[in-house]
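Student: Chain by chain, the residues:
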Amino acid sequence: SQTIHQWPATLVQPVGSPLSLECTVEGTSNPNLYWYRQAAGRGLQLLFYSVGIGQISSEVPQNLSASRPQDRQFILSSKKLLLSDSGFYLCAWSESAREQFFGPGTRLTVL
Amino acid sequence: GIQVEQSPPDLILQEGANSTLRCNFSDSVNNLQWFHQNPWGQLINLFYIPSGTKQNGRLSATTVATERYSLLYISSSQTTDSGVYFCAVGPGSGYALNFGKGTSLLVTP
Chain A
1 SQTIHQWPAT LVQPVGSPLS LECTVEGTSN PNLYWYRQAA GRGLQLLFYS VGIGQISSEV
61 PQNLSASRPQ DRQFILSSKK LLLSDSGFYL CAWSESAREQ FFGPGTRLTV L
Chain B
1001 GIQVEQSPPD LILQEGANST LRCNFSDSVN NLQWFHQNPW GQLINLFYIP SGTKQNGRLS
1061 ATTVATERYS LLYISSSQTT DSGVYFCAVG PGSGYALNFG KGTSLLVTP
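Residue numbers (my numbering), protein chains in the order written: chain A, 1 to 111; chain B, 1001 to 1109.
It cannot be assumed that every hint is accurate.
Claimed, not checked - Sample of chain A residues facing chain B (criterion: CB under 8 angstroms; computed from the structure): (1) Glu-99; (2) Phe-101; (3) Gly-105.
Because the hints were derived from the structure by calculation, they are not lab data. Note that CB positions come from ideal geometry on N, CA and C, so glycine has one too.
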């Protein structure tokens, strides 16, 4: 069966510091991968998605970037964090454009 | 993008009661999912239901795609049902899931 991992689970970073969040999926090949952010107030917003190695699509302009160095690895990065980058970051996977399954998330606080 | 509206925004039930959560969406979809977000933030998949009716234990869901709405039914609610329920839809083309703002459910003993 498929499993999705995210780390770290929680992170507290100062403004201006870099960021690297990692997501890996097991038990499937060539999945679609997604990064979402959930800010206070409950709604989730898609940040990036990838349909293959090296292929990244951005849904919203922002201070963040994503990369997919391996088939089942998806990384969310920033060179300099802003206060507004605080939130709950969720990685998800799917087979083609079908049902999406979410990881446990990373709670990021920028101080 | 597709607009997703969920109602009610908040709901308080006594254990054993039944409830219906509604999700309206503004355009045709090829993906509709219901999730339960637990207190730790994990999104639990409840149903993948772009059309039709499905049941899983005390939960069931119906999507009427032609009328652009979906319903989630919770019967004989338990305290463990508490949390936020999200409806998310995907458009006819593309990959994004557009989430509603959720229904926050509290089930009291």
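Student: Each hint needs a verdict: does it hold in this structure or not?
Tutor: A quick look at each hint next to the structure:
1. Glu-99: holds (4 angstroms)
2. Phe-101: holds (6 angstroms)
3. Gly-105: holds (5 angstroms)
Checked against the numbered hints above, the structure breaks none of them.
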